[in-house]
Amino acid sequence: MTDKQGGELLPGTFDMLLLKALSLGPMHGWGVAQRIEALSGGVFAIQQGAVYPALQRLKGRGLVAAEWRDSENNRRARYYRLTATGHRALDSETAWWRRAIGGVERVLRATPQEG
Amino acid sequence: MRFSNLKARLLARLGAGQADRELDEELQHHIELETDRQLRDGHDPATARRRALEKFGDPRRIAQATRDERSISPLEGSMQDFRWAARILRRQAGFTTLALVTLAIGIGTTTVAFSVLDSVLLKPLPFADADRLVVIREVTAEKKVFPPSYPNFVDWRARAQSFSGLVAELFPYSQTAFVGNEALRVESMGVSRGFFAVLGVKPVIGREFSAEENAPGGPPLVMVSHQFWVDRLGSRTNLGTLRLGDRTAQIIGVLPSGLRLLPQSATADIFVPNEQAPDRGRANSNYAVLGRLAPNATFESARAEMAVLSRALLATYRDETRAVDVAMILLHEEMVNDYRAMLVIVFGAAGLVLLIACTNLVSAQLARGLGRSREIGVRAALGASRMRLVRQLLAESAALSVAGALLGLGVTVVLTRMVRVLGAPLVPRLQELSVDGRSLAFAAGVTVLTLLLIGIYPALRLATSDPGDVIRGASKNPNASARSAAWSVLVGFEIAIAVMLVVGSTLLVRTMRNIMRSDYGLDPRGVITAALSPRGTLDLAGIEQIRRELAALPGASGAAVVTRYPLVYWNQSGPVMRPTDVAPQWPALAGFRVISPDYFTLMRQRVVQGRAFAPLDDSAGVRVAIVTTGVASTLWPGQDPIGKTVRTNYLSDQWLTVVGVVAEASHWSMPRGSQHEIYVPLAQQPNRARNQLIMMVRTDGDTRALVPAIRTRLRELAPAVPATLETMTDRIAQSAADRRFAMIALAVFAGIALILAGLGIYGVMSYSVSARTHEIGVRVALGATPLAVQLEFLRAAAGMTLGGVIVGVVGSAFATAYVKSLLYEVTRFDATAYWGAAVFLVVTALLGAYLPARRSSRVDPLVALRGE
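Protein chains in written order, with the working numbering: chain C, 1 to 115; chain Y, 1 to 868.
With the rest of the complex left out, here is chain Y (with noise of 0.2 Å):
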């Protein structure tokens, strides 16, 4: 018995249909049986069915009931209650659209923010034991950090015990690569012996250099990237040569794809072995520094015995170094410490947004649930217990958050597609940004969170209500005032998130315009750079020529030389000392850059004492140099330097003559006044423009359409000599390329917070005006006026908006120290913003609100009253 009990059960449960079969023929049974009994007292066939049928009750009516009475499983249940919650939505399609395409947008926001978050700061980087590679850079006496010096490297790897590896690379350069007669232009990376050993990348194909090539004497040899050996040799197995220069070089190995060393870095296509020519001033800044923590050091260990060393050292080499201790990072802390402020940003962004419209759906399901009151009493007066109207409710909430999920999912892959297209450029790693398991984990944790702050709510506070009140008709104004209180808390809490979302958006664009206009002491504007990597190709002829010839192209005003880009963040510096310093005081360090006679005029770049450069300045002339007003005040304060003699580390065999005095020439990233130079004429310093040279031409108009014409030129005059292109403006906006992305996201979340928050205010006065429809008519049958009426409506909203606008203002004064970091020349306290924001959603909101409350001045009495 038990056991078909159970088999009833189950297949019950397999399909509703046969227990409902067996209903329907049970009860047609008991229909004949009657018919049969009314047969047997007499009466005709068709008097005995209609009989028969009328003891019995309406079939359907009694089916149903049966139906109802069930004993239900809490599968069933479940099953019922999704059915039932289906039905509903589809009834209410309007509502049911709006919540789907609310919470599409805030699930699939919050996972691509979250995968953004992932790919960039949680996944380990795609080295061996990311955990335990540290970057060691060095410290001067005046506690400045400078990337380390190669002698400085060499010491540090023969007598640290700290670490299992110690490598360095050299910076990336440009220069010429010819594969076959193809000339490239090619960043170029010096490694350190075992570099990718120590760091536990193993190339794709081949090997990486030993420690015997990797030193002086060694063959030439190269490595390359994937994305190299994909682009430029076709993935070719046999591996074979490129020439660099004059020399003919082996390619040993590839290495993996998607491999990122240092953020500074970008990416390198080529890897040189670094150690055969090593750059041997003590004093220079040019490698970056990685190493491996030993099995039996921890960090502090290693950071200990480093400092004991640098001091060790600095009593050596007192008159050479100026590194007096070390400054030690894990690599991954590294890599993200400049992205972590801007993460956490899109991240917290994008959770604000899914907040919204949760609390947007809460209000929509308790605007239709009170509608719906009425029928849940009933439904709680004939039997259905709490428990039961809490599931139902919850199980509606759950079939919008399970549907939302996934359209949320479909969101999630446009945008990922989107991020990663956009911001690959802008922001390291992200080109490996997917949808991938824990980003589906992610998205379905927050679909669960959704639907518990959806769903819990509405559904606690509609079933305990009193159905006894709602079948009476109580509904028609259930306790109003502490229904407009819970609506009022919740649409000034997404009016507080939206203005905090557009304070911060607005600080970031605040501060990509102050980046775009801040004062560089140079005019970047309306200039293009082509950097060239002549390899010794040109001599001081070609380069003029081709100067003049860009300087001639319709639409350019000008050109100039130079031998590295102006307003880069890393620059090189070194030593410039007089004749009476003596090493290690060395009062200044300055970058260095050899430029053509008019370099200043095109660059409006002030010479504020003494001359310019001038063609007279060549190698029959005196050795000249001009300074920046940083490093005359500094060498010579109170004095005047024209005249006087200086000697800077990159020409060290040379005195020069100061001739003149320039403005600093700083990037927005740097703190005023850091950016000292020293610079040599072109034509006395010939050989320094070997390897690298820019040319920079200023144009009249549309910069960005003189790029093609310039590049057509170049091919022309040196077709053996590759160019890269970019207009300054373009230059300087990738360094910003962080804020850019972080404003980006913040703008966009702003958006649709502002759209969510406008949405939301319409939703709860549209409500609110239908709920009181009878009450209007009354008044304006009493003799208010629409505007009266009107006006009551939007002052309402007005109070929900300003209680909003004070908490969303207060709110943001504290979260916008989050966005402190990436802000430039604004304060996270700027009026404009707040200002800004405020109006802003007042507009917003009012204009939600409006829509409503001039329809509820066209309620026609009559209308309203009849309806009661």
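Okay, chain C solo, but in the shape it has when bound (with noise of 0.2 Å):
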């Protein structure tokens, strides 16, 4: 996933992004991408619409499920919410990127006299 302002994803990180959105609380498409603009404090303006494509991607490896509800516009909107299954991929993929980053910290850091 692109986004034309701000950088590029590393692979992989929009899954887990979405699916720490979805840990704060059941959210429909929009809201999900708002919290992600929002949470990221605009470094990644994501194409709104990619949320669909990766949401029904993790609803079909069951990490989410949906279902239709009243949104405060009192319109009817499909709801987002994490699975269980959902909390633990988030906690995992949460602690293998924390361990990558580090190790990509801890490169990042070297200097040319230790090397």
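Keep in mind the hints are simulated off the structure, nothing from the lab.
Heads up, some of the hints might be wrong.
Claimed, not checked - DSSO-like mimics (lysine-lysine), calculated; alpha carbons at most 30 Å apart, straight line:
1) C:LYS20 x Y:LYS55
2) Y:LYS644 x Y:LYS202
3) C:LYS59 x Y:LYS55
This structure is a prediction, so every number in the text was calculated from the model and none was measured.
Assembling the complex is the task here: the two chains are given apart, and the hints tell you how they should meet.
Encoded structure:
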């Protein structure tokens, strides 16, 4: 997933961001897009439509579930929520991400003397 | 939740439309929410909408991407695969049409071949417990097998313990019957006591003869066939009577329709109680004997008992019988034996045609598939699993197979009707041919087999190709040598099969020609036979008048009279002896015919010694006879037979003087020299022509054209004597009916095989040319002449063809073992057939290859290179 203003997302991170956004509570697609934009402080201004194929994919893997509910503007909307499996997947992805970031950080901090 | 999930899935399955509508609604809602936010940020409505869409992206693409991510259940997946397959197949109408026609022909012909096999060989006989019925014959000391005589049959019936019933039928003979005042020529069969009860055949109306009725002194009774009842009696329930000669017989029963007894006996119109007046000659061979094995008996135990019994009878009747043993065979085997080879051929040929059809499709799919490898590579790169790709390709094959099978059913229905109409007179039980549950089940099986044959290989092959290579453009020339090797094998295989079919059909065509041209010892061409059953209503003068009138018809060059058809496969024969011979040492068996003086001249049967009969051989003269060379050399080796005295069982009270010797007349299906005959003059034996006489009319020009004239003239001359007219040529062809049927079938299959093989090589070469257009362009640009390019393609085609022809010739050398039993005066290694097939196939293949090759040499290098 690319975004025109911001940088390129690292592969595999978009699904993790969606899971994280949904871990805060059930939400419809527009809300999820808003949350990611807001939480990333505008770093990732994603193309909003991209959340739908991604959500569909997560649903297919059983990480999220969806149901129709009335939304704030009194219209029917499809709400997505994290399943138990989704929570576990988010935890393990987060742990993996932290380790990966940590590794990358250490590599970037390396100085010539140490080499 | 789980339940609603399930419901959603179910709904999704019931209509993809529901899920799509929901998705649209969801996306629309999203855009509205975003537009609202932009409005709150202070944009005017139009700008807000535009910005919302910008942030969202193209809704159509998003929707498509989302649909693609939908989880796929196996069923949904299959439906999708089939929709995809249908779309692809519709787009490639040319390929699809060709494939469907090929499959329809392949599946249709195989199914019809199965139906034929099924109705003739596999379906049980129309008798109860038919597998317990056996046919019993006599075996002589010389190991010759003959139909039994009535007295032997009666002794078997009285003594044998192994049978719950033994019955006999007298071979059918023609006679005249009157229904009201209408005279009909009918085939009449005499049956023994309890004949139908033992076979397990129940009359549909009435009953069969009782034991008391079917005995000397019994009343005149008759049973009729179902067809006779419908055609001649108008299906009347009050059966009434019919007149046979001077007796009026009560009709007491109607047999079920489609009843066939023994193949040799064809069909009978009426059945009469034979034991009222059976043929009591113990050395005669007039009956067919059938037995039903007793519950405690096996085939072997019955066979053993009959052997013992024959020895006992031989000891008692040494002077009268010639049976030293019996031959036994199951009725079912008896009925199918003659046709087994033929049916195996028909079925095998149909199977081979199906194989060619499938091979064509495999190579076409490969060609097409390679053309599509880019598309498949892209799908693979996008994450479609190998399994999924294989499934999609298989779905395509399945769609083809199923559609092909449905069309094939149409072909089956049409072909079945054709085969029934054309084949019923040639092969017994074919009139029962129909498309039934069994043939449909078979067609379904063939379809699955077809699917496996045409689907698996291309699917696996394509799905295992490396998507990376494909996308990078390696597909332009994916291991060309491996591909063309696979094709060479496929095309070579088709050609090999076509060679085998052409060899087989050529052998049978030559057989038919040999049969029709074979030397019979007389000349049957141009002769019309008119069989009459005068039943004593014609005296010698009457017969002579008819003969003269027929000979005088315009177009006729002569006429003669004989009491039995010449050249019949089953030739009644009886012992012939010299005064010195004592029973049972009969040195010769001979057929017996009563003839008019000009018979040999008319039939062009050579008089070797002595003279033919003359008008002076009449009732006032010495009783005379003419024998064939075989009889003369057996009875009087090294002596002059003229003037010798001889007696035949058919005229056991008379000694005859031999006045002439004629050449043997032999039927094509008999070993040469086995047709011993003894002839006596009609003028001396007039009552021998009471029941049956045959007018032989030789014609000058168009034989068939004279048939109606003869029929009309006979009706005028003897209105009370119905006649059956046939040409001799037709009779001989009829006796080779099974070969004719096999020949027609093989020729049709060989023709289809040739066309398919030609199409196959055409298809492969066409693809090869179009795939190499670029390369050809380069070479032509570099100075290669069109002729050189053309020749290279033709050389490739010739390579495949020659390989195929060689394999086909070797295969034929083995496969023709199945045709062997049908061949006549041609060996199964007949060089003409093999060379002919080879040349035929090479020409067909080169024709198929030439068109694409010519196209190759017309490649414009500029266009070819620009296309890059």
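Results of checking the hints against the structure:
no.: 1; hint: C:LYS20 x Y:LYS55; verdict: 21 Å, holds
no.: 2; hint: Y:LYS644 x Y:LYS202; verdict: 54 Å, violated
no.: 3; hint: C:LYS59 x Y:LYS55; verdict: 24 Å, holds
The structure fails hint 2 only (numbered hints given earlier).
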